[in-house]
Amino acid sequence: VALHSHFYFNYIKLHPGWLLAAAVMYLVGWLPCVWYWRILIDQQGTILPWSAAIRSHYCGHLGKYVPGKAAALLIRGEMIRSHGVPLLTGVLTAGFESLATMAVGGAVAATLAPFAISRDEWSLLKLPWMTDPNVQAIIVLSLVILAILAMPILSHVLNLVMRRIVGKVVKSETTLRDIRPPRWAFLALVLTWWLHGLSLGCTIQGVGADVNFLANWPRYTAAASLGTVVGFVVLFAPGGAGVREGVLLTLLRGNLGPQAALVVVLLRLIWLVSELLVAGFFLLILRPPQILPQSETKA
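In terms of the numbering used here, the sequence shown is residues 1 to 299.
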């Protein structure tokens with residue numbers, strides 16, 4: 001019933017049920033990242049409770065609206081110190097998880113590109129052969145194999161990048177082992193992007209767009225992935241503001257027409273409000289008891 005409820009605003013018909021579903025899919029989409037982050041922390045010798053990992057991860061999203069995005073890592077690292085995780089460990093693993101998530105997002109966008117772009121759009125790009133199912137299958141299979149083979153290299157690069165970045169932000173004597181997540185763990189991050197694509201699809205349904213929801217899911221996933229990754233790379237854009245919207249508008253305009261602009265604005269509002277509400281809940285209402293590290297307790 002909720003999916004069919006609606007209201008009108010300046011001749012725009014919105015379906016609140018679909019918009020609520022978009023918010024839920026967006027928030028649930030980050031849970032695989034939380035799980036992945038816990039694996040990284042566990043490799044450093046500390047078991048972080050699920051409740052603490054979820055709380056700090058979602059609150060950390062507020063930091064991405066500070067130019068440079070390093071604040072997000074510091075928030076997450078600081079919030080788990082009371083659970084015995086050194087600040088350097090928390091920041092380094094949070095940064096590794098963030099970079100890994102974005103790297104997987106870029107790979108997902110590239111893999112789904114053959115399905116996400118329409119036949120007419122490939123023709124405009126003078127690449128009509130990209131619509132051949134055999135070509136699409138070869139491209140997807142090649143990218144998947146390349147991604148699997150590149151995972152050890154990606155881990156090594158991410159370790160180097162994060163140690164250099166974190167070393168300038170956090171001064172600590174804590175010794176860290178290289179982060180070596182199992183290859184299959186990256187697959188969890190793929191689920192994040194499919195769920196965020198589903199969130200975009202729910203938003204599109206929420207404005208009453210006449211499109212095939214499931215048939216366009218790969219397109220939505222590619223658009224959400226690419227928009228978020230590009231917005232992440234542009235460090236001076238808080239939360240990728242403006243950058244992500246530009247990418248999404250470019251990718252969705254051919255499929256949605258004038259409704260694309262409304263979808264892009266609504267998606268930004270839905271994701272932002274969702275983050276604020278969840279972070280506010282964890283910070284103001286659900287406050288966990290403080291558990292000091294053993295070293296501080298003995299002191």
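Treat the hints loosely; a few may be bogus.
What the hints assert, rightly or not - Cβ pair distances, simulated, as ranges: (1) Arg180 with Leu269: 20 to 30 Å; (2) Leu277 with Val233: 36 to 46 Å; (3) Leu272 with Leu235: 17 to 27 Å.
Said to hold, decoys possible - Here are the computed lysine to any residue pairs in the SDA-like style, where the Cα-Cα straight-line distance is at most 25 Å: (4) Lys13 with Gln205; (5) Lys69 with Phe282; (6) Lys13 with Gly45; (7) Lys69 with Pro238; (8) Lys13 with Val190; (9) Lys13 with Trp50; (10) Lys69 with Ile54; (11) Lys69 with Gln259; (12) Lys69 with Pro16; (13) Lys69 with Lys13; (14) Lys69 with Leu266; (15) Lys69 with Leu160; (16) Lys13 with Trp30; (17) Lys69 with Gln205; (18) Lys69 with Leu283; (19) Lys13 with Pro238; (20) Lys13 with Val233; (21) Lys13 with Ala185; (22) Lys13 with Gln259; (23) Lys69 with Gly246; (24) Lys69 with Leu214; (25) Lys69 with Gly208; (26) Lys13 with Phe282; (27) Lys69 with Ala23; (28) Lys13 with Leu160; (29) Lys69 with Pro258; (30) Lys13 with Leu249; (31) Lys13 with Leu214.
Read the hints as simulated data drawn from the structure, not as lab findings. We put the CB at the ideal spot given by N, CA and C, even for glycine.
inquiry  = For a quick check of understanding: which of the numbered hints are violated here, in increasing order?
reply    = 1, 2, 6, 8, 9, 11, 12, 13, 16, 17, 19, 20, 21, 24, 25, 26, 28 and 29
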